[in-house]
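Q: Residue numbers (the numbering used here), protein chains in the order written: chain A, 1 to 204; chain B, 1 to 80.
It is worth saying that the hints were derived from the structure and are not from the lab.
Note that the structure is predicted; figures quoted are calculated from it, not measured.
No residue lacks a Cβ here, since even glycine has one placed at the ideal position from N, Cα and C.
A couple of the hints might just be wrong.
Said to hold, decoys possible - One-sided excerpt, in silico: chain A residues whose CB lies under 8 Å from chain B:
hint, residue
1, Thr30
2, Arg38
3, Ser41
4, Ile175
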Amino acid sequence: MDHDEVLNDADADALLIAALRAGEDSAFETLVRRYGGRMLSVARRLIGDDDHAQDALQDAFLSAFNALATFDGRSKISTWLHRIVVNAALMRLRSQKRHPEQSIDDLLPAFKADGHQEAPVARWKDSGESTSDRAEAQALVRQQIEKLPETYRTVLLLRDIEEHDTETVAQMLEISVAAVKVRLHRARQALRTLLDPVFGEQYS
Amino acid sequence: MTCQQLIEFLTEYIEGQLPLSQRAAFELHLALCGQCRAYLHNFRTTIEAAQNAFDDPTVATPASIPEELVQAILRARRSN
């Protein structure tokens, strides 16, 4: 076995944390360069606007620098940072809360008195797309996610895209687990409605 | 079970959180209702599409961080 292997992630993390705690300037720069791009993408997904995402990332790194003592090394640096970035992005979203949010009701399925759906449902075709179609479809899906009312979009992003579990999302948003479940389900239903013209026609 | 009830519990169904008795009623309804089968299929496709929406290499490649932002963060740390 070759002992000069490249450092594994855990060892690299441990060395970096030690250097950060020792206050080495170069370690802070390494942290920002190693994780900054990925974390900026997370902030952009949640906030949408690039300038605000950059501000949130700056807030997040400053919080992370101040919280180095609390990093216990049991999780990866990327996981720890990710959570700090999500929190910073959510703080930004809360502080810039725009106009009253659009209601989600119009995007939820409507039912007749007997419990059947009002509108007939056409099954979308399974996608067997080429790579370029796939990229185009992904862009369309991102546009539709962007249209979701923010309360619901945030939960969908945190659960289905950032892949946090329900309890973690509840803590992040300071709402109950039941509220996360309701919002996630409605967000998925609303996104299905928004995607219907995309997947129901364009790709059939 | 009506279509409305089924659709209300779709997330629980997909995530395996329905009690067994309710799951059986769910599957019986699905076996008999083409509309709900179509809705379930589209709903699952929606979730997959959302999960994959940011995998686009032009969006998700270990995105780079603008140099000015790196410098701004490091400056902010020094003056903090």
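Q: Now look at each hint and say whether the structure bears it out.
A: Tested hints:
1. Taking 8 Å as the C-beta contact cut-off toward chain B, the hint placing Thr30/A at the interface is violated, the least distance being around 11 Å.
2. The interface hint given for Arg38/A is met, as the beta carbon of that residue sits about 6 Å from the closest beta carbon of chain B, less than 8 Å.
3. Against a cut-off of 8 Å between C-beta atoms, the interface hint on Ser41/A holds, since the closest Cβ of chain B lies about 5 Å away.
4. At its closest, the beta carbon of Ile175/A sits 16 Å from a beta carbon of chain B; the interface hint therefore is violated under the 8 Å criterion.
Figure legend: structure checked against the earlier numbered hints; hints not met, in rising order: 1, 4.
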